[in-house]
Amino acid sequence: MTQILHENLIPDPFTEQVTVRNYFDGEWHEPSNGQYLDNYNPSTGKVYSKIPDSSAEDVSRAVAAAKKAFPVWSTTDKETRAKLVHKLADLLEENLEAFAQYETMDQGKTLTMSRNVDIARAVYNFRYFANLLTGQTTEHVGETKYMKMVTDSAGAPIKANALSYTNRTPVGVAGLISPWNLPLYLLTWKIAPCIVAGNTCVCKPSEFTSVTAMMLTRLVKAAGIPDGVINMVFGLGASVGNSIVTHPDVPLISFTGGTVTGKHIARTAAPLFKHISLELGGKNPALVFADSNYDETLTSLVKASFLNQGEICLCPSRIYVEKSIYERFVTDFRQLARKLIRVGNPTEKTSYYGPLVSQIHYDKVQSYVKYALEQGYDVDFCVDRELRPEVSSISETGALTISGCEGGYFMAPTVITGCSQKSRLVQEEIFGPVVVILPFDDEAQAIEYANDTSYGLSATVWSQEQTKLRRVAGQIVAGTVWCNCFLVRNLDMPFGGFKSSGVGTEGGVHSIEFFTKVQTICLG
Amino acid sequence: MDIVSTLGNATKLCINGQWVTGGGQQRSIYSPVNEEAVVSVNDASAQDVENAVKAAHEAFANGPWRKFTGKQRRDALLKIAQVLEANKEAMAQVESSQTGKPLLYSRGEVDHVVECFRYYAGFCDKLHGRHTNVDHDTEFTSYTVSEPLGVVGFISSFNFPLMLTTWKLAPALATGNTVVLKPAPQTPLSSLFLAHLIYENGILPEGVFNVVPGALETGVALVDSPLIEKISFTGSVPGGKAVYKSGAASQNFKHITLELGGKSPNVIMDDADIPDASLRTAIAGFFNSGQTCCAGTKLYIHEKVHEAFTQRIVAVAQGFTSKMTTDVATSSLGPLIDKAQLDRVSGFVNRAVESGEAEVLVGGERWGDKGFYYKPTVLREKVHKSEVACQEIFGPVITIMPPFSDIQEVIDAEKDNTFGLASGIFTNNARVIHKYSTEIRAGTVWVNTYNTLLPHMPFGGFKNSGIGRELGHEAINEYLIVKSVISRFP
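First to last, the protein sequences are chains C and U. Counting in full-length UniProt numbering, the final residue of the first sequence is number 524, and the numbers go up one at a time with none missing. Counting in full-length UniProt numbering, the final residue of the second sequence is number 490, and the numbers go up one at a time with none missing.
Honestly, the hints are just simulated from the structure, not real lab data. Certain hints may be false.
[As the list claims (entries may be wrong)] Label-pair restraints from in silico Cβ distances:
id, chain 1, residue 1, chain 2, residue 2, range
1, U, Leu216, C, Gly524, 50 to 56 angstroms
2, C, Glu327, U, Thr438, 36 to 42 angstroms
3, C, Val47, U, Gln408, 57 to 63 angstroms
4, U, Val482, C, Asp77, 19 to 25 angstroms
5, C, Glu428, U, Lys435, 38 to 44 angstroms
[As the list claims (entries may be wrong)] Here are the computed lysine-lysine pairs in the BS3-like style, where the Cα-Cα straight-line distance is at most 30 angstroms:
id, chain 1, residue 1, chain 2, residue 2
6, U, Lys79, C, Lys159
7, C, Lys517, U, Lys483
8, C, Lys145, U, Lys79
9, U, Lys483, C, Lys83
10, U, Lys126, C, Lys145
11, C, Lys148, U, Lys67
Quick caveat: nothing in here was measured; it's all calculated off a predicted structure. Ideal Cβ placement from N, Cα and C applies to all residues, glycine included.
Please construct the entire structure, taking both the sequences and the accompanying hints into account.
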């Protein structure tokens, strides 16, 4: 059972009604228009809470609160800021189980993922950046001899010494807009460096997954973080998101989400000269060479493709296999997916993944399957009916009905072959448990295929030959290339996408650099 | 080329920018090629050493060098590089005359030395401190400044006289220190010639670079001098221990860098490219006649290719031997530096054979009857922990260890190696490379190559191979000392 370690802080996910309200200036507020949106549990398709349908008015009030809190927070000494952020991390960790339950209820990911990945990483985000702060120094100190603007009595110019150094300072109010696939994980990945660097923020979590963000606001005051430092406004992108992006008092925007929205934000924010960081979509290739460790590669890719319902921007979604092992790989992949990947109630330990996040997304993913069927591609739903008695039916587009979770947005692990490189299935981001597998002739073609989409977020390369790994990895246009592994994240490493996958670099000092401005001070 | 007239005054001591006849013993520098005297030198007396240290100290405390800007030090180092390049052939000949190195390698070493001076010149105007961001509610601002140590003493070795001197000299000058160098007794000439080129071209102020040839007593005098802030020593493990002990016990707590010996393992995996690997392995063990601290003298060969590779390496060794001549212009290998080293190397091999600890597959004896040449030798160990597998021989001797099947066996066996200077591995398997390079305790790990020394990569030992690092950015840090400045503006 969940433990409520702080009275009145975190409601019991099993017994209490979740109430989501906007949070700013240290208090919870109803939306100014009094309107709410339905919030669904994707495992059941039923509404279980409501979230504010906020408007520009709410955003303005939140930004005002953030602006008011900035002078004190930005000049609070580093040790104190770090200590408070550590306290927030501690409180989050103490309530990990409750947060995990809420995340699963809201997003559909398994409880295993919520506990071990989402909430655990949210805790670590705070701790990592708090620790980074106290070790932070600015760049060089240089001395120069310069001519003073005065001369001595004989008329000769006087030379003096100057000491130059750089000074990094916080910027102001940041607008943080986070997505629905790793809700608290990605929200805290922005909040942590933002406030650690001395800024205040107005956050807009995705309207599909606002609950854990709401729960976080309950811990903020208990951690001792002053009112107005962290503010949250819930609602839709078109209203809330847009208001944040266009607000004149929000100089920094950090957004993670889809490429289309990213384009809109870039277009809107550019004339306002805001600094923006965009983490967008991906269509991540996996290159499987014949000299890879076959069994390890196969297992890793089956698991990686369907992790979190395939709803991670980094999931491998198109797998290229060297032609000498292609047929065997496709057969083995389908068989192993049937064996390893159980789709079911996300609260059950044996489920590998749960439902997709929403009806809209469910429909979108299935539309790709429908298209694949229309084009005559080979579409395989990797569900062994004997092994999975809980699957009571499979639709022709891969929708699953799971007993006990009727109404949930469940989809079969889907493997598609027979399409060409130019196919929509290969070029467009599907963001679901759908993977395409294609053959390649040689190394040059593999690299060509890998780079032949508009995206460039990540890639994986599978081979046992070290010269090949380095040579191939270096030619793939992707921000992160994993060789013989997947999703190994060291928070110090630069992280970001090329091409349509985004703008800007995060991670370690790069995150701090985004959330600060640097000036040169020269003492004469 | 007439060495004596090329050297001119550079057979005396260089103190305070002047050439001074040493008050110590007069002796000859012999060529190990034909055992004939090349030139006569006078060693430094204790008074000479004191004068040199005082000159360096005065140059640091009050001379113009202390006020050189980064740009000016940079230009000085670039000029040294330029002058060396212009005198490359003369310097190579001088180097070969005292060491017997084939000219091909002496010339290559001059190229490397020129590159080192240019590489370190690049640091001179980029020695930054760091500033800690000001907290607005306090009155303090704080920053660091890195400063030179002062007078630094070098004790260099006979195997790469000019190169090892440069590894110390370039970063020391780049950071604004002044130097007193004692070259190895057998090989003072190339360092003296360097001083000659520097002062003849007016590159450094007087007292910044001083050279005092001598033997043990001269080294002791440097280590004991209270005016010297740091000793950088390249030599044997016993020598290093003595320097470390004395340096620690001397009046001031000296900074010490030690580049000592090695017994570096070289690993051949089953997927190694055998023709390529065998040639590189031979060079790893025989280059400079094995007088290389990082020589790959312990050979581990995977059982699948053990016989084939052993045959190959023996053939390569024979090939090297067949190309040995006393002509430095054409020989594949040079001699050992002197009789003492020849006796030492022979001693190891003879004892190994007599005791049954190892068998000779090729070589195992002196080459020729004049000069101190030893044939490239391949031994096969027959007894666990043989002397020839544990001790540094410092000659052209490679010992083949028993075959292995998994890289873990090599890693485990090497835990007992008291040295940790370098290691090589030949394979294309990414996992093995990653595992081995992470787990072997060695200062440099070479993959599919050996003895590749790059100015920007730090070089130094684990365990008894030494402390501190030369080359790379790391060497710069070893010649600087950090000061914190914390200011209050009430």
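Evaluation of the provided hints:
{"no.": "1", "hint": "Leu216(U) with Gly524(C): 50 to 56 angstroms", "result": "holds, 54 angstroms"}
{"no.": "2", "hint": "Glu327(C) with Thr438(U): 36 to 42 angstroms", "result": "holds, 37 angstroms"}
{"no.": "3", "hint": "Val47(C) with Gln408(U): 57 to 63 angstroms", "result": "holds, 58 angstroms"}
{"no.": "4", "hint": "Val482(U) with Asp77(C): 19 to 25 angstroms", "result": "holds, 24 angstroms"}
{"no.": "5", "hint": "Glu428(C) with Lys435(U): 38 to 44 angstroms", "result": "holds, 40 angstroms"}
{"no.": "6", "hint": "Lys79(U) with Lys159(C)", "result": "holds, 28 angstroms"}
{"no.": "7", "hint": "Lys517(C) with Lys483(U)", "result": "holds, 28 angstroms"}
{"no.": "8", "hint": "Lys145(C) with Lys79(U)", "result": "holds, 24 angstroms"}
{"no.": "9", "hint": "Lys483(U) with Lys83(C)", "result": "holds, 29 angstroms"}
{"no.": "10", "hint": "Lys126(U) with Lys145(C)", "result": "holds, 15 angstroms"}
{"no.": "11", "hint": "Lys148(C) with Lys67(U)", "result": "holds, 20 angstroms"}
Checked against the numbered hints listed earlier, the structure breaks none of them; every hint is satisfied.
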